[in-house]
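These protein sequence lines are chains A and B, in that order.
Numbering-wise, my numbering puts 77 at position 77 of the first sequence, and it's gapless, one number per residue.
Numbering-wise, my numbering puts 32 at position 32 of the second sequence, and it's gapless, one number per residue.
Simulated from the structure, these hints should not be mistaken for laboratory data.
These figures come from a predicted structure and were not determined experimentally.
It is possible that part of the hints are untrue.
Stated by the list, open to error - Restricting the straight-line Cα-Cα distance to at most 20 Å, the calculated cross-link-like pairs of lysine to any residue (SDA-like) are:
id, chain 1, residue 1, chain 2, residue 2
1, A, K223, B, Q126
2, A, K130, A, Y181
3, A, K182, A, V142
4, B, K108, A, E32
5, A, K130, A, A186
6, A, K44, B, P97
7, A, K237, B, Q126
8, B, K114, A, A34
9, A, K236, A, N122
10, B, K137, A, T149
11, A, K236, B, E121
12, A, K128, A, K237
13, A, K44, B, V104
14, A, K223, A, L235
15, B, K82, B, I184
16, A, K130, A, L10
17, A, K108, A, E225
18, A, K237, B, S127
19, B, K137, A, W8
20, B, K122, A, R240
21, A, K231, A, Y218
22, A, K169, A, L243
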Amino acid sequence: AAAARRPWRLFGAMCLLRLPRITQPLQKEEEEVAALMGQIEVEKSQYSDHEIRKLEEEERLRRRKENPYDDDDEVTGKTVIMAQDLEDKWEQKFLRFKAAPRITDADKKNIRTSLNRKLDSNLMLLVKQKIGNQELWLLPQVEWQPGETLRNTAERAMATFLGDHIQAKILGNAPYGIYKYKFPRAIRTEDNMGAKVFFFKAFLQSSDFTQTELKADYLWVTKNELGDYLKPEYLKKVNRFLLD
Amino acid sequence: LCSFSSCSSLLPQRGPLRGSHWQSSVLTLRTSLPVRAQPKKKKKVDVRREQAQKDRMKKKLKKLEKAAPELIPIEDFITPLKYSDSNRVRSLPALSPEETERRVLLLKKWCLFKQKQDEAEKKAIQSLVESQQEALKELRLESEELYQAAIRRDEGLFPFQRDGPTYTPPLPGYDPPEGKCVDITKVYTQ
Chain A
1 AAAARRPWRL FGAMCLLRLP RITQPLQKEE EEVAALMGQI EVEKSQYSDH
51 EIRKLEEEER LRRRKENPYD DDDEVTGKTV IMAQDLEDKW EQKFLRFKAA
101 PRITDADKKN IRTSLNRKLD SNLMLLVKQK IGNQELWLLP QVEWQPGETL
151 RNTAERAMAT FLGDHIQAKI LGNAPYGIYK YKFPRAIRTE DNMGAKVFFF
201 KAFLQSSDFT QTELKADYLW VTKNELGDYL KPEYLKKVNR FLLD
Chain B
1 LCSFSSCSSL LPQRGPLRGS HWQSSVLTLR TSLPVRAQPK KKKKVDVRRE
51 QAQKDRMKKK LKKLEKAAPE LIPIEDFITP LKYSDSNRVR SLPALSPEET
101 ERRVLLLKKW CLFKQKQDEA EKKAIQSLVE SQQEALKELR LESEELYQAA
151 IRRDEGLFPF QRDGPTYTPP LPGYDPPEGK CVDITKVYTQ
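Kindly produce the complete structure, drawing on both the sequences and the hints.
Right, dumping it as structure tokens:
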């Protein structure tokens with residue numbers, strides 16, 4: 001019974017996602033509707049305390065301009081802070097604050113190995129691995145060894161390429177996708193027909209880590225850019241379990 | 001004659017009064033318990049009266065406690081009176097018919113947009129689930145124990161917490177200004 005080994009070799013691959021850090025830009029319809037909602041909210045609202053104060057002060061200013069010598073309730077010499085002054089002060093303070101840019105340097109130079117790129121979409125790790133006698137861009141994968149579950153294989157794959165100090169949340173014990181391929185006839189034997197690669201998904205938790213890459217090339221790419229690197233069949237299977 | 005009568009009236013008042021002739025000496029204080037029936041009754045009635053008073057108080061307390069507790073007012077549902085002033089009402093020009101037309105058409109476009117977005121999401125989830133089912137099927141063909149390990153529940157997955165995306169990325173080395181927060185929520189006890 002032990003000799004009934006299946007002729008497929010098993011691999012566990014890890015699809016490590018860096019989740020977006022900023023919101024995606026609004027589309028045209030979304031912007032229009034957001035503006036409309038703002039307008040409706042203003043129309044249905046009542047005056048707030050600040051607005052009433054502003055209106056009263058404008059009224060007072062106007063009256064003072066019309067009769068400049070008639071200030072019976074104004075005490076001259078005392079500086080009163082007007083609501084408009086407050087607003088100007090707040091505006092100045094806001095303009096002085098410079099937020100971090102949404103489009104980073106890495107974006108502009110298209111450095112695909114940096115994690116600071118495309119902060120509004122998911123980034124996936126791709127590594128260059130040697131399969132047979134070809135160097136291919138793949139999701140990091142490692143062969144399954146008896147005695148471990150496939151999830152452990154995937155974790156091992158992640159650790160081989162990124163080191164042990166990676167904090168990633170693996171989403172469950174079950175694989176998300178499978179890519180099956182048969183070896184070319186030259187190396188195909190009776191009990192070594194092909195390989196099955198099981199994909200697991202994980203979210204990258206540690207936000208900034210010094211990427212001590214052990215092996216060769218790696219890339220962080222978005223879903224749209226996957227097509228530049230992956231083979232068509234492989235890409236098709238991977239795209240199925242990637243939500244944009 | 002008068003002196004004689006005064007003498008006689010003075011005589012009985014020479015010593016302290018005796019309650020009864022059973023008392024041995026007049027000079028000792030009343031140390032023994034009074035043996036008469038009258039004082040005893042007083043005490044019983046006192047005790048009983050006190051007991052009855054206590055019971056009445058307890059009954060009243062119980063009645064008060066049994067009454068339904070006062071409802072805590074929900075502050076959000078009570079509009080403060082200062083917001084029902086008429087000077088608060090905003091004065092805006094009325095909407096032109098073109099504007100209402102534009103709004104209605106925009107909302108219809110929005111409806112369509114949201115419908116397409118929702119359909120796309122559902123399709124993506126469907127494809128993800130199918131892909132997972134296929135993977136599990138293949139795994140089952142491979143080895144049963146790996147399959148069982150795969151369909152086991154992952155205990156460490158939930159509770160899963162993540163901070164959502166912001167409009168701009170975090171500024172490195174930014175020191176937010178300190179502020180004081182005074183909590184003025186009213187706490188009601190029942």
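Comparing the hints with the structure gives:
Restraint check for K223/A and Q126/B: the C-alpha separation of about 18 Å stays at or below 20 Å, so the hint holds. Restraint check for K130/A and Y181/A: the C-alpha separation of about 15 Å stays at or below 20 Å, so the hint holds. Distance check on the hinted pair: K182/A and V142/A sit about 17 Å apart at the alpha-carbon level, within 20 Å; holds. Distance hint between K108/B and E32/A is fulfilled; the C-alpha atoms sit about 12 Å from each other, no more than 20 Å.
Between the alpha carbons of K130/A and A186/A the distance comes to roughly 17 Å, so the proposed pair stays at or under 20 Å and holds. For a cut-off of 20 Å, the pair hint linking K44/A to P97/B stands: about 18 Å separates their Cα positions. Between the alpha carbons of K237/A and Q126/B the distance comes to roughly 14 Å, so the proposed pair stays at or under 20 Å and holds. For the suggested pair K114/B and A34/A, the alpha carbons sit about 13 Å apart, so the restraint of at most 20 Å is met.
A C-alpha spacing of about 18 Å is found between K236/A and N122/A, which places the hinted pair at or below 20 Å, so the restraint holds. Between K137/B and T149/A the alpha-carbon distance is near 16 Å, which keeps this suggested pair within the 20 Å criterion. For the hint linking K236/A to E121/B, the alpha-carbon distance of about 18 Å falls within 20 Å, and the restraint holds. For the suggested pair K128/A and K237/A, the alpha carbons sit about 18 Å apart, so the restraint of at most 20 Å is met.
Distance check on the hinted pair: K44/A and V104/B sit about 17 Å apart at the alpha-carbon level, within 20 Å; holds. For the hint linking K223/A to L235/A, the alpha-carbon distance of about 10 Å falls within 20 Å, and the restraint holds. Distance restraint check for K82/B and I184/B: the Cα-Cα separation of roughly 19 Å lies within the 20 Å cut-off, and the hinted pair is therefore satisfied. As the CA atoms of K130/A and L10/A are separated by approximately 16 Å, the hinted pair is consistent with the 20 Å bound.
Our distance criterion of 20 Å between C-alpha atoms is met by K108/A and E225/A, whose separation comes to about 16 Å. Pair hint K237/A plus S127/B holds up; C-alpha atoms about 10 Å apart against a cutoff of 20 Å. Pair hint K137/B plus W8/A holds up; C-alpha atoms about 14 Å apart against a cutoff of 20 Å. A C-alpha spacing of about 13 Å is found between K122/B and R240/A, which places the hinted pair at or below 20 Å, so the restraint holds.
Among the hinted pairs, K231/A with Y218/A is consistent with the structure: their alpha-carbon atoms are about 16 Å apart, no more than 20 Å. Only pairs whose Cα atoms come within 20 Å are accepted, and K169/A paired with L243/A is accepted, the gap being roughly 17 Å.
Against the hints set out earlier in the document, no violation occurs for any number.
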